[in-house]
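**Q** Taking the hints into account, I'd like the entire structure generated from these sequences.
Chains A and B supply the protein sequences, listed in that same order.
Going by the working numbering, the first sequence opens with residue 1, and the numbers climb by one from there.
Going by the working numbering, the second sequence opens with residue 1, and the numbers climb by one from there.
Any given hint might turn out to be false.
To be verified - Pairs of lysine to any residue, SDA-like flavour, derived with a Cα cap of 25 Å:
| # | chain 1 | residue 1 | chain 2 | residue 2 |
| --- | --- | --- | --- | --- |
| 1 | A | Lys11 | B | Lys11 |
| 2 | A | Lys11 | B | Asn2 |
| 3 | B | Lys127 | A | Ala21 |
| 4 | A | Lys24 | B | Pro164 |
| 5 | B | Lys223 | A | Leu220 |
| 6 | B | Lys11 | A | Phe4 |
| 7 | B | Lys11 | A | Asn207 |
| 8 | B | Lys24 | A | Pro124 |
| 9 | A | Lys228 | B | Pro205 |
| 10 | A | Lys11 | B | Pro259 |
| 11 | A | Lys121 | A | Thr260 |
| 12 | B | Lys11 | A | Asn2 |
| 13 | B | Lys16 | A | Lys24 |
| 14 | B | Lys11 | A | Gly252 |
Honestly, the hints are just simulated from the structure, not real lab data.
Remember, it's a predicted structure, so these values are computed and weren't measured experimentally.
Next come the chains, spelled out residue by residue.
There are 2 protein chains.
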Amino acid sequence: MNNFTFYNPVKIIFGKGQIEAITKEIPADARVLITYGGGSIKQNGVYDQVMQALKDHAVVEFGGIEPNPHYETLMKAVSMAKQESIDFVLAVGGGSVIDGTKFIVAAMEYEGNDPWDILAKKIPVTKAVPFGTVLTLPATGSEMNSGSVITRADTKEKFAFGSPFTFPKFSVLDPETTYTLPLRQISNGIVDAFTHVLEQYLTYPVNAPLQDRMAEAILLTLKEEGPKAIQNPKDYDTMANFMWCATMALNGVIRVGVPTDWATHYIGHELTALHGIDHARTLAIVLPSLLRYKQESKKEKLLQYGARVWDINSGTDDERIEATIQATIAFFESLDIKTRLKDYEVGQETIQEIVKRFKARDVKDLGERADIQIRDVEEILKLSL
Amino acid sequence: MNNFTFYNPVKIIFGKGQIEAITKEIPADARVLITYGGGSIKQNGVYDQVMQALKDHAVVEFGGIEPNPHYETLMKAVSMAKQESIDFVLAVGGGSVIDGTKFIVAAMEYEGNDPWDILAKKIPVTKAVPFGTVLTLPATGSEMNSGSVITRADTKEKFAFGSPFTFPKFSVLDPETTYTLPLRQISNGIVDAFTHVLEQYLTYPVNAPLQDRMAEAILLTLKEEGPKAIQNPKDYDTMANFMWCATMALNGVIRVGVPTDWATHYIGHELTALHGIDHARTLAIVLPSLLRYKQESKKEKLLQYGARVWDINSGTDDERIEATIQATIAFFESLDIKTRLKDYEVGQETIQEIVKRFKARDVKDLGERADIQIRDVEEILKLSL
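**A** So, in C-alpha cells, the structure goes:
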C-alpha cells in the first residue's frame, strides 16, 4: 500500500426531508447567496423547501449556472456576491452548480489580478467563502470533495482545480429530490460514478485489498441499482443507493494508498469542451478504448475486475479481458449511453484537434504510470471512432 | 436506507515514516502534553521519533495510562495538564491511550463539578482541548472517531462517551510501529475490528447494499490478512492492510443509514470491568452466543454473512446459520482467542453479578430492535459458559 493522507470534513446530511436541516447549518446572521442552474429546482419543489428553511436568513439568488459551468457566468456571480456582501453560499443542484460554486467562493477571496489564473496557472487557493450544498443530481461526487472543473466558453478550455478550502461545510442529499430527473441525467450519473471508481481501481495492484473490495462494492451496487433507477426513478431506496454510491465514488475513501488514472477524464474533457457532449458520455467513449489500449499494464486489475464484478472467470487472459471490456460497454449501452465517437457525429478531425490542443498545452505523462503521451491519446481516440 | 448524518473531520496520515509529519500538524507555539501507556513506545523507537518531530515544541509527558484506562489515572493527567497550561495533547499508543486522552481533553475544559458526570450522567461535552494521535496498535478505531470508553477502578464501572469535540485533529498510522506488538495484541486487534464490523452489519436488512458490501469488504480482508499478521507481523503490507481495516471498521463509513447492535460491547464491558479480561476477548465470548440467541431476528443478515464471507451456501437456513456461527468461532479460535467463559475461569456467579449490576443500572432495550432485556443478557451469557 502506498503512503497517503486522507482528510474529508464534509458533513453529509442524508435522507428524506433533510433539506430543512440547512436552517441550523448556516449561521443565522449570514448573508446567503443561493446558486442554481436552469431552474428545474423551481419546478420540483426543491427551491421552495430551501426558501422555507432559510426564511429567517438574508438571501440573494444567482440562477443560470449551465452544465460544464462557464467561467464567464461564474464571474457574474462573484461580482454580485461581492456587491451583496455575501458570507455564505448555498449551491442547490448537481455537479455543475456545485463545481461552479467552488470557483465562486474561491474567486471571491482571490487576491491576484485574475481568478482565471486559479485554473489556467494552477495558483493555489488559500481562502474561500464557506458554502454548503443541496444535491439534486447524483453523479459527480462534488458534494463531498474539494475538486471542481470549470469551462471557459470563449476559448473552449476546461480545467480543474481543488483546495482544502473548497470542501462544502455540509451537503444535504435527499433522494426524493431526484424523482423528477430526466432519464438522460440518471444514466449519465450512473456512468459518471462507475467511471470514477474504475479510474481509481483499474490501475496496478499495490497490495491494498480493502480499497479494491470497497471499489468493487460500489461497482457491484451500481451494476445492480443503476438499471433499477432507470426503470423506476421514484423508488426511494433505489435512488438512495444510487445517490450514496455516487458520493462514495469520489470522496477519497477508495483512492487512499492506491495509484489512480485520470486520463479518461482528461481526454473526455476535450470532447465536452469542443462538442458539448455530456461529461459522462465522454467517459463512456474514452474509457473502453483506454482499457483496451493499456490492457497489458492494467492486466491484473482488469482480470480481477472481470472476475469480481462481471463473473468472468474462464478463457485465456486476453479473452477474459476482452469479455470484461465488452461487459463494461454493454452496461453503458444498456443505460442508453453510446460509447463510440461516431454515435456523437465526431470523427478524425476532432482527434486531430485534440492532439493539436494537447501539443499546445504540452500535455504529457498521463495515466497511473505516467506513460500515456499525446501519441497514445491519439491511438486511444482512434479506437473509439 | 435510514436517514443519517455523517461527519468525520479526522485527518489520517498513513504510512512509513509519517510520524515526522506531526511537526507541522501541531501549532508551533502549542504547549504539548504527550500521553502514553506502559512505556513500550520507549523500547520500539516510536517515542524517539515523536520527540525528534517535536524537538522545537514545548513538551510535557504523562505515561502510565493502563489498558481500559482508569478515570483515576486520567484525572492525574488533567491536573498536570492544567498546571502546565497545556493547549495540545498528543496521544501515542493504542485505543486505551487514545480513549483516555479523549477524556483528558474533555475533562480539562469541563465546567461542572465532577468530570465523572460526563460518563455516569452523560453530561454532553461542549468543548475540549485539541489533540492528535500516533497509533501503535490497530484495533479499536479510536484514532478516527470521537468515542471513548473509560473505567472507574474503585467501582469497577466502564462507561462510554463521545462528542463532536473529541475527534482527533489528526492521526498518524505508521504500520511499522506495529512490528514489535505482542501476538496477543495483534489477535485482540483483529477480533476487535472484526466484531465492530459485525455489530454494524449483522442486524436486519434496510436495503443498503453498498453499506453491506463495504462491511463485507472489511470482514473478507480481515479474514485474509488476520492470520498473515499473526504469522508474519513484520510484513509491511499485511500490517498496513490490517491497520487500515481496523480504522475503517469504526470510523462511521459502514454504519451510515443502517441499524446497529452494540449489545455485545455493552455486555462485554462488564466482563472486562469485573475480571480484567481483554476487551476483544470479551467480544469473542459474547458475540457467538448473542448471534445464536437472536438468530431468528438476524436471520437474513446471518445468511448473507455466511454466504458472502464464509462461502456457506448449502443446507437449511438453520444449518447455514449454525455453520456461519461456527466459522466465526473457528476464526477467533484460530487466532488463539478463546470464546467460552470457562476458558477464562468465569462461571455462573459472574453472570448473576452482571444481572445484578444491570438491574441496579436499570439496563433495558439493548440490540438493534431494542428487544434485549436483562433476562436475555442472562440467557446469552449462559450460552457462553
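**Q** Tell me, in ascending order, the numbers of any earlier hints that this structure violates.
**A** Hint 13 contradicted; others consistent.
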